[in-house]
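Participant: Listed below, chain by chain, are the residues.
Protein chains: 2
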Amino acid sequence: MLQISQRGQDMPASPIRKLVPYAEAAKKKGTQVYHLNIGQPDIETPKMVLDAVRHSDFKVLEYSHSAGNESYRRKLVEYYHSVGIEVNHNQIIVTTGGSEAIQFGFMACLDAGDEVIIPEPFYANYNGFAVAAGVKVIPVTSSIESGFALPPIEEFEKKITSRTKAIVICNPNNPTGYLYSAAEMEQLKEIILRHNLYLFSDEAYREFCYEGHQVSAMHLKGVDENVIIMDTISKRYSACGGRIGAFITKNQSVLDAAMKFAQARLSPPSFAQIAGEAAIDLPADYFDTTKAEYKSRRDLLVKRLNAMEGVFCPNPGGAFYAIARLPIDDADVFCQWLLESFSHEGQTVMLAPATGFYSTPGLGKQEVRLAYVLNLNDINKAMDCLEAALKVYPGRK
Amino acid sequence: MLQISQRGQDMPASPIRKLVPYAEAAKKKGTQVYHLNIGQPDIETPKMVLDAVRHSDFKVLEYSHSAGNESYRRKLVEYYHSVGIEVNHNQIIVTTGGSEAIQFGFMACLDAGDEVIIPEPFYANYNGFAVAAGVKVIPVTSSIESGFALPPIEEFEKKITSRTKAIVICNPNNPTGYLYSAAEMEQLKEIILRHNLYLFSDEAYREFCYEGHQVSAMHLKGVDENVIIMDTISKRYSACGGRIGAFITKNQSVLDAAMKFAQARLSPPSFAQIAGEAAIDLPADYFDTTKAEYKSRRDLLVKRLNAMEGVFCPNPGGAFYAIARLPIDDADVFCQWLLESFSHEGQTVMLAPATGFYSTPGLGKQEVRLAYVLNLNDINKAMDCLEAALKVYPGRK
Numbered sequence: 192m193l194q195i196s197q198r199g200q201d202m203p204a205s206p207i208r209k210l211v212p213y214a215e216a217a218k219k220k221g222t223q224v225y226h227l228n229i230g231q232p233d234i235e236t237p238k239m240v241l242d243a244v245r246h247s248d249f250k251v252l253e254y255s256h257s258a259g260n261e262s263y264r265r266k267l268v269e270y271y272h273s274v275g276i277e278v279n280h281n282q283i284i285v286t287t288g289g290s291e292a293i294q295f296g297f298m299a300c301l302d303a304g305d306e307v308i309i310p311e312p313f314y315a316n317y318n319g320f321a322v323a324a325g326v327k328v329i330p331v332t333s334s335i336e337s338g339f340a341l342p343p344i345e346e347f348e349k350k351i352t353s354r355t356k357a358i359v360i361c362n363p364n365n366p367t368g369y370l371y372s373a374a375e376m377e378q379l380k381e382i383i384l385r386h387n388l389y390l391f392s393d394e395a396y397r398e399f400c401y402e403g404h405q406v407s408a409m410h411l412k413g414v415d416e417n418v419i420i421m422d423t424i425s426k427r428y429s430a431c432g433g434r435i436g437a438f439i440t441k442n443q444s445v446l447d448a449a450m451k452f453a454q455a456r457l458s459p460p461s462f463a464q465i466a467g468e469a470a471i472d473l474p475a476d477y478f479d480t481t482k483a484e485y486k487s488r489r490d491l492l493v494k495r496l497n498a499m500e501g502v503f504c505p506n507p508g509g510a511f512y513a514i515a516r517l518p519i520d521d522a523d524v525f526c527q528w529l530l531e532s533f534s535h536e537g538q539t540v541m542l543a544p545a546t547g548f549y550s551t552p553g554l555g556k557q558e559v560r561l562a563y564v565l566n567l568n569d570i571n572k573a574m575d576c577l578e579a580a581l582k583v584y585p586g587r588k
Numbered sequence: 192m193l194q195i196s197q198r199g200q201d202m203p204a205s206p207i208r209k210l211v212p213y214a215e216a217a218k219k220k221g222t223q224v225y226h227l228n229i230g231q232p233d234i235e236t237p238k239m240v241l242d243a244v245r246h247s248d249f250k251v252l253e254y255s256h257s258a259g260n261e262s263y264r265r266k267l268v269e270y271y272h273s274v275g276i277e278v279n280h281n282q283i284i285v286t287t288g289g290s291e292a293i294q295f296g297f298m299a300c301l302d303a304g305d306e307v308i309i310p311e312p313f314y315a316n317y318n319g320f321a322v323a324a325g326v327k328v329i330p331v332t333s334s335i336e337s338g339f340a341l342p343p344i345e346e347f348e349k350k351i352t353s354r355t356k357a358i359v360i361c362n363p364n365n366p367t368g369y370l371y372s373a374a375e376m377e378q379l380k381e382i383i384l385r386h387n388l389y390l391f392s393d394e395a396y397r398e399f400c401y402e403g404h405q406v407s408a409m410h411l412k413g414v415d416e417n418v419i420i421m422d423t424i425s426k427r428y429s430a431c432g433g434r435i436g437a438f439i440t441k442n443q444s445v446l447d448a449a450m451k452f453a454q455a456r457l458s459p460p461s462f463a464q465i466a467g468e469a470a471i472d473l474p475a476d477y478f479d480t481t482k483a484e485y486k487s488r489r490d491l492l493v494k495r496l497n498a499m500e501g502v503f504c505p506n507p508g509g510a511f512y513a514i515a516r517l518p519i520d521d522a523d524v525f526c527q528w529l530l531e532s533f534s535h536e537g538q539t540v541m542l543a544p545a546t547g548f549y550s551t552p553g554l555g556k557q558e559v560r561l562a563y564v565l566n567l568n569d570i571n572k573a574m575d576c577l578e579a580a581l582k583v584y585p586g587r588k
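For the protein sequence lines, the chains are A and B, in the order given.
The working numbering puts the first sequence at residues 192 to 588.
The working numbering puts the second sequence at residues 192 to 588.
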């Protein structure tokens with residue numbers, strides 16, 4: 192009998208996508224489903240970004256350089272300069288989505304059995320990339336009461352062993368929306384220097400900060416060797432399907448190692464590199480408009496949630512996610528019930544149970560993640576559904 | 192001091208791309224370089240394939256399904272049917288290039304320490320994917336004298352241990368151009384059944400067979416659970432930069448495991464899925480034209496090579512590569528010398544030393560791989576360069 196691998200068995204299924212069959216069944220019954228479960232923005236990809244691809248005139252769809260087109264990397268240098276990050280084009284490897292940047296970091300810096308510390312709840316796919324790389328994820332729990340602020344340094348230090356090689360953060364955070372403060376970033380700097388660790392900083396949501404600005408890991412002084420930024424155009428320009436990201440570090444050994452993984456897979460996608468390059472010339476007010484839209488959605492969502500009896504949702508400072516605590520027995524059961532057994536005026540809402548974002552078993556059972564990627568009208572309707580659902584849910588607590 | 196991982200150190204650099212700096216230097220000196228070193232076809236991507244992307248009118252560049260767009264997978268079912276492979280759309284996972292299909296296979300079926308047997312010389316990046324997955328590559332050597340035919344069964348059986356989990360073939364072969372016969376495929380079937388192994392079949396060059404047809408691993412009877420096809424649109428439609436491939440198997444457990452890896456990286460590139468879907472509607476004579484072009488290039492290349500004193504090149508049955516044995520001391524030194532110290536009428540040729548395609552140290556030192564991806568005129572000029580070079584190369588043997 193042929194067996195799949197142990198890591199194939201250990202690999203977690205996506206907690207965000209696992210309820211999809213129930214959503215499909217609900218739609219087949221004629222129920223309208225509001226998707227707050229996944230970070231697929233409804234905001235249109237800027238026309239000039241798509242047009243750059245549509246108006247291209249090359250004749251051969253060739254491999255690009257394994258690190259990405261040099262012209263694109265040179266434009267990226269300008270973009271990073273505009274957000275206070277000074278790098279040159281040889282310190283950037285264009286990746287197939289932010290996903291591949293995370294994989295390159297795990298592969299180049301970590302061996303099987305090594306440990307990475309990640310504040311939980313965290314982006315669930317870090318688990319998958321860790322399983323693929325044979326790396327152990329060690330969670331440090333942040334709490335909804337503090338709005339998911341960085342846990343105290345002592346909590347990190349309790350978890351550090353001789354196998355600890357890196358800390359992973361996502362800032363602003365998916366799934367919590369938390370934006371790390373300058374003081375918190377300095378604390379992280381202190382830990383990585385004291386314990387000689389890499390800091391993998393996933394900055395996919397850099398522009399989406401509603402009070403203040405992001406402090407990038409690359410704004411920290413004296414940690415050039417430690418810091419690796421994982422980035423992506425997916426959320427920034429509503430270009431998730433492009434599958435273009437970036438792996439950025441000033442550590443030459445890490446760059447050299449990551450380049451070997453980049454060469455093995457030949458090159459990142461060519462079409463979307465054209466899109467990514469064009470995006471850097473978007474007018475300066477592009478993010479103002481997008482950010483204003485997301486901010487008004489966040490304000491509405493958080494207000495509606497906190498107005499529901501027994502619901503608590505801290506106000507997230509960035510990204511386009513919020514985690515709310517609901518008066519329910521089990522988020523997985525509740526989210527499935529919303530799709531299978533509930534509707535309100537022919538409509539229901541799809542949420543992501545927060546359990547999938549925690550590594551510690553049992554945590555997040557009363558929490559759900561909401562992605563505010565729908566317009567204000569739809570968010571209102573989705574909240575009407577949730578409010579009605581909580582009144583009749585049999586597992587209400 | 193921060194360290195990169197052991198696997199980052201073990202990861203091989205690309206043998207195909209490592210001479211690139213010397214080629215760049217040659218070009219800066221004004222020397223024209225004929226690139227026979229890399230499988231980047233010069234054949235134009237069919238206009239209707241590029242136009243499908245250029246005429247697309249979606250507004251949001253969204254994630255696709257993690258397995259690829261259903262519409263594309265349903266079209267792929269038609270394509271595979273046309274080449275005698277009967278699968279349904281749920282047995283296909285669209286991947287980011289053939290590269291990712293190989294990675295999914297290694298990850299889903301093999302654990303760290305497991306062994307895969309691969310006839311050498313083989314596609315060098317299998318080494319990279321093996322290092323990433325912690326898998327050991329065990330070579331079985333094929334010889335230039337037999338035109339790189341499948342080594343005898345006994346050679347495989349000598350290498351099988353309790354850790355052997357799979358055999359990897361590429362058919363038609365990169366780098367040798369060898370096309371496995373029906374009898375050889377039956378031999379492979381016998382081995383995998385007898386020893387309960389997976390057969391990973393890289394069929395990137397399926398259409399490029401110049402005498403006879405490819406026997407796909409999926410044409411074999413009674414091995415549905417064992418066979419996984421790794422495929423790509425890169426060479427088939429001159430669409431290398433699209434980064435679209437496919438992972439195909441009828442083994443449901445393997446599919447389920449591979450899907451979890453597919454979900455972790457979210458989705459394959461959206462633009463090029465549109466291109467891939469359009470390609471399936473190319474007129475039936477598309478491959479006839481392309482194949483005729485490659486065949487005439489092969490015929491010229493092989494004829495020119497064998498006409499040179501001391502050179503031997505078996506006639507490859509497929510793909511667009513040939514391996515030739517040259518009267519030289521060291522292929523790595525020679526290929527670098529061609530770029531650094533030689534020119535003929537202001538021109539030189541870039542070849543891939545075959546050493547990088549062998550896993551056994553010391554093999555391939557007198558061999559080079561030539562990709563016939565240039566037009567007849569350029570191939571002639573490249574062969575003029577090689578002929579002149581061999582006459583004056585100081586390390587001639």
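One or more hints might be untrue.
Because identical chains share one entry, a pair is satisfied inside a single copy or across any pair of copies.
[Stated by the list, open to error] Pairs of lysine-lysine residues, derived as PhoX-like cross-links and limited to a Cα-Cα distance of at most 25 Å, are as follows: (1) Lys266 / Lys220; (2) Lys250 / Lys238; (3) Lys441 / Lys380; (4) Lys494 / Lys218; (5) Lys350 / Lys556; (6) Lys220 / Lys350; (7) Lys266 / Lys486; (8) Lys588 / Lys218.
It should be emphasised that the hints constitute simulated quantities derived from the structure, not laboratory data.
None of these values were measured; they are calculated from a predicted model.
Participant: Could you run down the list of hints and mark each one as holding or not?
Facilitator: Quick rundown of the hints versus the structure:
no., hint, verdict
1, Lys266 / Lys220, "neither (48 Å within a copy, 28 Å between copies)"
2, Lys250 / Lys238, "both (23 Å within a copy, 8 Å between copies)"
3, Lys441 / Lys380, "within (16 Å within a copy, 49 Å between copies)"
4, Lys494 / Lys218, "neither (28 Å within a copy, 63 Å between copies)"
5, Lys350 / Lys556, "within (24 Å within a copy, 50 Å between copies)"
6, Lys220 / Lys350, "neither (48 Å within a copy, 56 Å between copies)"
7, Lys266 / Lys486, "neither (28 Å within a copy, 41 Å between copies)"
8, Lys588 / Lys218, "neither (28 Å within a copy, 73 Å between copies)"
The structure does not agree with the numbered hints 1, 4, 6, 7 and 8 stated previously, though it agrees with the rest.
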